[in-house]
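J.: So the chains spell out like this:
Number of protein chains: 2
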Amino acid sequence: MAQVVADRRDVDFVLHEQLNVEQLSRHAQFEEFNKKTVDMVVSEARNLAIKELLPYLKEADEEGCSFDNGKVTVPKAFHRAYKLFCEGEWIAMCDNPDWGGQGMPATVALAANNYFNGANYPFMLHNILSHGAGKLVECFGTDKQKELFLEKMYTGVWGGSMLLTEPEAGSDVGALTTKAVPNGDGTYSITGNKIFISSGENDLVENIIHPVLARIEGAPAGTAGISLFLVPKFRVHDDGSQGDFNDVICTGIEEKMGIHGSPTCSMALGGKGQCKGTLLGQENRGMSAMFVMMNEARLHVGMQGFSCASTSYLNALNYAKERVQGAAITAPKGSPGVPIIQHPDIRRILLTMKSHSEGMRSILYYVGFMEDMIHISDNEEDKARYQGIIDVLIPVAKGYITDRAFDMCSHGVHVFGGYGFTREYPQEQLLRDCKITQIYEGTNGIQAMDLLGRKLGLNKGKAFTDLLAEVQKTIDRAKDIPGLKLLADMVDATVVKLMETVKSLGAVMGANNISAAFAQAHPFLDVTGDTIMGWMLLWRAVIATQKLADKPKKKDISFYEGQLKSAQFFIHSVLPVTRGKMEVIMTGDTAALDISEEAFGAK
Amino acid sequence: MAQVVADRRDVDFVLHEQLNVEQLSRHAQFEEFNKKTVDMVVSEARNLAIKELLPYLKEADEEGCSFDNGKVTVPKAFHRAYKLFCEGEWIAMCDNPDWGGQGMPATVALAANNYFNGANYPFMLHNILSHGAGKLVECFGTDKQKELFLEKMYTGVWGGSMLLTEPEAGSDVGALTTKAVPNGDGTYSITGNKIFISSGENDLVENIIHPVLARIEGAPAGTAGISLFLVPKFRVHDDGSQGDFNDVICTGIEEKMGIHGSPTCSMALGGKGQCKGTLLGQENRGMSAMFVMMNEARLHVGMQGFSCASTSYLNALNYAKERVQGAAITAPKGSPGVPIIQHPDIRRILLTMKSHSEGMRSILYYVGFMEDMIHISDNEEDKARYQGIIDVLIPVAKGYITDRAFDMCSHGVHVFGGYGFTREYPQEQLLRDCKITQIYEGTNGIQAMDLLGRKLGLNKGKAFTDLLAEVQKTIDRAKDIPGLKLLADMVDATVVKLMETVKSLGAVMGANNISAAFAQAHPFLDVTGDTIMGWMLLWRAVIATQKLADKPKKKDISFYEGQLKSAQFFIHSVLPVTRGKMEVIMTGDTAALDISEEAFGAK
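As you go down the protein sequences, you meet chains A and B in turn.
Residue 0 is where the first sequence starts when you use numbering that gives the first Met the number 0, and the numbers rise one by one after that.
Residue 0 is where the second sequence starts when you use numbering that gives the first Met the number 0, and the numbers rise one by one after that.
Read the hints as simulated data drawn from the structure, not as lab findings.
Identical chains blur together in the list; that is why a pair holds if it fits in one copy or across any two.
When the alpha-carbon atoms are kept at most 20 Å apart in a straight line, the in silico EDC-like pairs for lysine to aspartate or glutamate are as follows:
| id | residue 1 | residue 2 |
| --- | --- | --- |
| 1 | 496 | 582 |
| 2 | 57 | 254 |
| 3 | 320 | 597 |
| 4 | 554 | 16 |
Bound conformation, chain A alone (with noise of 0.2 Å):
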């Protein structure tokens, strides 16, 4: 099967060699998956990528969803698909096994997910909200919630949704305005409008259950005042029969640059006053329900990005090798053409796109990893260390990877020319597809605020410190071999000169100039994001030069000879200018901050 989705021998690296997910199955939690079976699961996944979800990519993107009265048809194409996704227990992957759960690390997960997103990513959204309502039910459901929910959700006969935004509450969710009136019998009448809801109604699934953030008549203004409750369009009886409709009613879909496949719903509830839900944990505390679900939440987007990245590059690395245009630039004139490949910008654009996507991947299998660990691990310090370093790379693995992928989607239209441009090739539907996920579930510029105003000061700091422990580790590994001392060189001076950057916006805020230090939020996720790359090839390149000691089969020496290129092109031709961008946060100019709103222009 071709590598058209992702790089299996990529994949393979990250998850045996680099990460070694076979340690997890010396642990009773994850004993199933050695390394047979992680493989097997890896083939299965993308084996159903390949032949069932790509080739309906750009049929569904084509079709898209319609909306008539209320009903969303997505897809036709989707509906195998669906069938075959569930059939397959892809949902729930990592979840437990006595709710339709298959139990598996993270990790492997996300290495299904990869080929997943990578195939057909607006499919993928229907799956993605369905498990995460269902997160919602297994940690904040009652006993009968779960009962009534849970495996239905995780199997995939019913879907889940999140709704969330409203038209005047998008980045600002405390200025929702969906009421909850209590009816003195456990539910609640719930009336709102909400908008932006992917897979808020659809035909895949018989029922869907909505998680839905109101307010409870009466309680506080903003986040303190909101909760959680579950809200299914056709109302469940006791017995887990399918009872009435609960006037949760879809009020149209938003025609969009991209992801055609993915209904994107304005929802209407209580319209006639018969929308009825039960709370969903505590009162008032449905912002930080929320918060338990956004880290998942958030590597998703992240995933979904970057595979589309992943597509984009094998598209472009396979084109390039076959279209023949032009001569070597080095050959006598007249020459015959060559392939594209043999340019040398397109080879600079392709060593780009596979450096981006291979550290990419390595961030994102790394924060799976770094879950399953927590699991594992029977310290509670470890635990705690492990939590902080997710924490800290969330928004790097949504806000600075998403930013990277469209960058590489855009790439990987350049490499096709006049062709990339055309809907004959997937590369410009990658990239409109790509788009969204720098928006939705939270902005990078909100990433980016995480990262500066919450991550950087977690546990007084040490979470991020944690973090620049385990890069060190690298640096250190990697200064012992001659072959890498320099790039080992270059990655440390990068993360002297971040933590520079760090202290200087630390005294900005000290000195309580919360805007200024602010200004320069998505810069500094920026170049928070660059470092983690750099140390990922980095790690990449010490486990490529030892293996290349060994005297690996020849196509293994190319791959790992590749991991050593890519390293040292990303040190060499990124964290250069990464370093110019930290110089410009230390500036800290002020320009953006002080210029006036009449001083913008316009109007």
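Model the placement of chain B on the given structure of chain A, informed by the hints.
T.: Relative to chain A, chain B alone:
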């Protein structure tokens, strides 16, 4: 009329305060174009753009073009717009009035084009193609060809196109296979297939005149054997009346990411052996004819990309002033929401868009101004100097500007949050439309090679040095202004480093490491463009400082202060990153060249 396409104050600033276009009217060629006339032209263009083109931007995107049995239908609304456009005589703004042109300075025409393209760039493609084809007739046609075709093309009675690309001849034009066989009567029989032909077929005009690149039987291979032919869709009798169909058939149109209002046609010539054309210019000199047209065409593409960015900025700015979301970051908890323009990250994005938008406008108009200076100058040395500066700036105006324009359109989506991804707002369309400007008329990779391989060494490097001498003049002026000394020093340092970069690339080329040099071509285009932007913004700041000293009106004070902020922001927040990129070029890492094809992965 609202500022929704291009900020009129800024357009006027470049025309009158930065370039002082009125000086052109002191010369016979442009004597009609005093300030009053210039302002009237811009006002009329703006009026037509905002009232008649902008309202159909979305409609035309959704309707698109349709193809049926050789016929292409453009969006309905374009018919009325086209009629008005022709009535206003906007197709041949700068051309000879004897042939239906308006004899306008190029600088002024660019301002008009800024409005037209910013309002509806897909519509404008029709007109730009007609004009470009007409220009070829004007430059290379015989008296008879001009008499038969030119006025009708310049006035829009007939359309034009440009048949260059073939499936196997894109960036490599020399690979084309379209054949021309002399018939002995001065005509040639043409056979071949062309792709990606904008406006190759459409229902706006009764006849379409196609300049076609083809190889005369027996001519040399490669670019040296390419000739240019004039091939009308319907033959034209000697008396100018329209004759039979000329066997030029549109065989289909592309489905594309954007510019849906512009049909991208596949064309079959001579499928029935009935396609006849006449030679335009000399045998085997087709490529030099192309080169004569290339500067104009590429400048226009820069204008197209920039205009998308210019509109995207104003939309983002207007939205940010109105969209209330979240309390100010420094406000106590529970404070009411504020317009998002008050949030530091949004301000940073907006000032990024503003400064780039302004710098790009100055670059483009400046190139037009240099063209005008050639027309009015009677000193051959000056003319050559202006031409050299234009030649160096063209890859910047096309390549650098469209790269940055795409980034700005991406920012423009982001400011709208989730709404930016929907078709309810124009931001996503501007991003989609803008993408092709990086690709067509020579991909930006080709532009980068043009800058490094041709333009840097043009006239033994004199052209590049002449350009930098102009930059230096501004720096020297700015250094004498106390408030601008620091900014001037930083631009100066950037120029010095650019020269070091040039020297370093020269050494690499000198050592015959051609591939190594060209692997840095695109980064070099990038840093050259940034430096030119820094120059333009510093130049604007010099003028603004002087004007502020004259105690201007309140509204102008804001505008000039905005100019100072743009310069401050760009020079402090972009140029340090640029200098990092220069270091990367000088390091000249060769990983992208050294990596083996296998090591890229896949297959």
